[in-house]
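S.K.: Chain by chain, the residues run as shown.
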Amino acid sequence: MLNNITFGQYFPGNSFLHRLDPRTKIVGTLLFISSIFLAEKVTAYVVILVFTLLAIAVSRIPPRFVFRSFRPLWIILVFTLGIHMFSTPGLVLYAWGPLTLTQEGLRQGILMSARLLFLIIMSSLLTFTTSPIVLTDGIERLLSPFRKIGFPAHELAMMMTIALRFIPTLLEETDRIMKAQMARGADFSSGTIVRRAQNMIPLLIPLFISAFRRADELATAMEARCYRGGENRTRMKELALSWLDGIAACVFSLLLFLLAYLRWWH
Amino acid sequence: MSHHIIEIKDIEYMYPDKTKALDGLSLRILHGEAVAIVGANGAGKSTLLSHLIGVLIPSSGTVRIGDYPLNKETLTHIRRSVGMVFQNSDDQLFMPTVFDDVAFGPLNMGLPPEEATQRALDALKTVDAVHLKDRPPYKLSGGQKRSVAIASVLSMLPDILVMDEPSAGLDPYCRRQLITLLQSFKHTKIIATHDLDLVIDLCERTVVLSNGKIIADGPTLQIFNDDVLLQKGRLEKPLRMQGCPICKPAIR
Chain G
514 MLNNITFGQY FPGNSFLHRL DPRTKIVGTL LFISSIFLAE KVTAYVVILV FTLLAIAVSR
574 IPPRFVFRSF RPLWIILVFT LGIHMFSTPG LVLYAWGPLT LTQEGLRQGI LMSARLLFLI
634 IMSSLLTFTT SPIVLTDGIE RLLSPFRKIG FPAHELAMMM TIALRFIPTL LEETDRIMKA
694 QMARGADFSS GTIVRRAQNM IPLLIPLFIS AFRRADELAT AMEARCYRGG ENRTRMKELA
754 LSWLDGIAAC VFSLLLFLLA YLRWWH
Chain V
11 MSHHIIEIKD IEYMYPDKTK ALDGLSLRIL HGEAVAIVGA NGAGKSTLLS HLIGVLIPSS
71 GTVRIGDYPL NKETLTHIRR SVGMVFQNSD DQLFMPTVFD DVAFGPLNMG LPPEEATQRA
131 LDALKTVDAV HLKDRPPYKL SGGQKRSVAI ASVLSMLPDI LVMDEPSAGL DPYCRRQLIT
191 LLQSFKHTKI IATHDLDLVI DLCERTVVLS NGKIIADGPT LQIFNDDVLL QKGRLEKPLR
251 MQGCPICKPA IR
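Sequence lines, in order, name chains G and V.
Here our numbering is used: the first residue of the first sequence is 514, the next is one more, and so on.
Here our numbering is used: the first residue of the second sequence is 11, the next is one more, and so on.
Hints were generated in silico from the structure; no laboratory data involved.
Some clues are possibly wrong.
Below, computed lysine to any residue pairings styled on SDA-like, alpha-carbon distance capped at 20 Å [unchecked claim]:
no., chain 1, residue 1, chain 2, residue 2
1, G, LYS750, G, SER657
2, V, LYS30, V, ILE225
3, V, LYS82, G, MET735
4, V, LYS82, G, LEU683
5, V, LYS149, G, LEU683
6, V, LYS149, G, ALA724
7, V, LYS82, G, ASN745
8, G, LYS554, G, GLU617
All values derive from a computational prediction rather than experimental measurement.
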């Protein structure tokens with residue numbers, strides 16, 4: 514029941530986006546998100562839409578993969594749309610009991626959901642074109658200036674790598690414990706919410722115990738292989754910015770500038 | 011080659027909950043020897059192995075690995091020369107791909123990336139797992155995981171290999187492959203196991219532990235022929251040395 518969750522959706526390839534430095538991609542995604550929230554007019558949304566479609570095309574990720582990535586989030590999209598549609602005051606289009614659908618609400622809802630949609634698409638493009646290890650490497654390098662004030666950049670990146678790696682293992686473990694408890698008559702799927710929460714206790718205790726035991730053994734195994742944190746450790750790939758990153762930086766800055774222009778000066 | 015001798019003198023170890031796991035244990039293992047550590051559950055096998063890589067430091071007594079006495083300063087040197095394969099490969103392999111995991115040790119030792127890559131590939135070749143290098147470790151089968159776990163230790167070029175239950179959970183075919191692989195290694199090997207048939211194939215010397223003490227230390231076959239000793243160590247004669255059930259039904 515838990516095995517349909519896939520994690521780490523890296524899609525190997527050699528496109529322009531794949532070859533960008535992870536730092537460029539992370540900063541670029543952040544710039545893109547800022548741009549989305551500058552957009553108010555329909556023209557701005559068209560610009561973003563074109564940009565997003567271009568980005569998908571450049572990444573050479575099959576569009577169906579991209580669209581699959583927001584399937585689990587459609588409830589949030591519908592919810593956003595609904596809230597805005599029915600709670601914004603304005604010209605009433607249709608009234609149904611206490612619910613009033615307004616023209617402003619409809620517009621606002623569609624635009625808000627579009628913002629979310631673009632946000633999801635771009636951040637999944639980031640994870641589609643960057644393997645988790647490169648991604649954490651990029652985060653580590655972006656955060657490394659903060660090491661001077663005692664921020665554990667390397668350790669944080671290593672923690673993220675390990676956490677990502679152990680998600681499937683812990684899911685498998687949960688599944689195994691659930692089956693073992695169900696075989697002894699535990700019931701996880703019926704009863705009131707309180708009752709169900711109580712039924713989770715026999716699941717959580719063994720899960721925590723095994724997670725701590727695993728963490729302990731992993732730490733031992735890592736130390737046995739000479740791990741001592743970041744110092745003296747070499748890395749497989751030194752990150753290096755190339756002219757591709759320059760182009761990408763220009764494109765993202767241009768987008769941000771264009772949207773700022775559309776919002777304030779146009 | 012005196013520098014790879016393992017010398018353990020009168021070590022004692024007590025866990026924080028006051029259970030005495032090792033009780034005045036002394037052992038000397040020479041370069042290139044293959045030694046089996048056998049004994050009942052809780053006899054102290056894993057605790058003893060933990061002392062060889064400095065995960066535990068003895069409460070009293072000394073451990074020497076080659077030229078280095080085991081203490082906090084020499085840990086790095088010791089962990090470079092002693093490679094440990096843990097019982098549960100799942101808890102040991104943690105990087106996103108097999109290759110990253112095998113290269114983890116060499117990178118920790120500060121080797122340049124080209125050399126680390128070469129070492130990782132060599133180690134994977136040795137265990138015949140190069141084709142797995144881009145797979146995530148948690149999706150491998152039990153036998154493949156064990157091979158990769160061994161490669162992840164071999165890539166550090168240790169002189170001494172320490173293994174905790176290497177054959178546990180393997181099917182007969184994988185187990186045989188593992189034995190053949192280990193037989194081809196020239197390292198000093200220390201293997202803690204309940205699989206006494208594996209011991210016959212791999213180790214000329216056997217050490218029997220019971221309640222944190224060594225109750226026997228000698229040639230493997232001699233120890234396995236001593237019924238009184240086996241019973242005392244809560245062991246059973248390896249299946250291969252027991253009578254054939256068809257031509258010689260056991261007399262009980």
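S.K.: Give a verdict on every hint.
M.R.: Results for each hint:
no., hint, verdict
1, G/LYS750 <-> G/SER657, "holds, 16 Å"
2, V/LYS30 <-> V/ILE225, "holds, 16 Å"
3, V/LYS82 <-> G/MET735, "holds, 16 Å"
4, V/LYS82 <-> G/LEU683, "violated, 33 Å"
5, V/LYS149 <-> G/LEU683, "holds, 13 Å"
6, V/LYS149 <-> G/ALA724, "holds, 19 Å"
7, V/LYS82 <-> G/ASN745, "holds, 18 Å"
8, G/LYS554 <-> G/GLU617, "holds, 13 Å"
Checked against the numbered hints given earlier, the structure breaks only hint 4 and satisfies all the rest.
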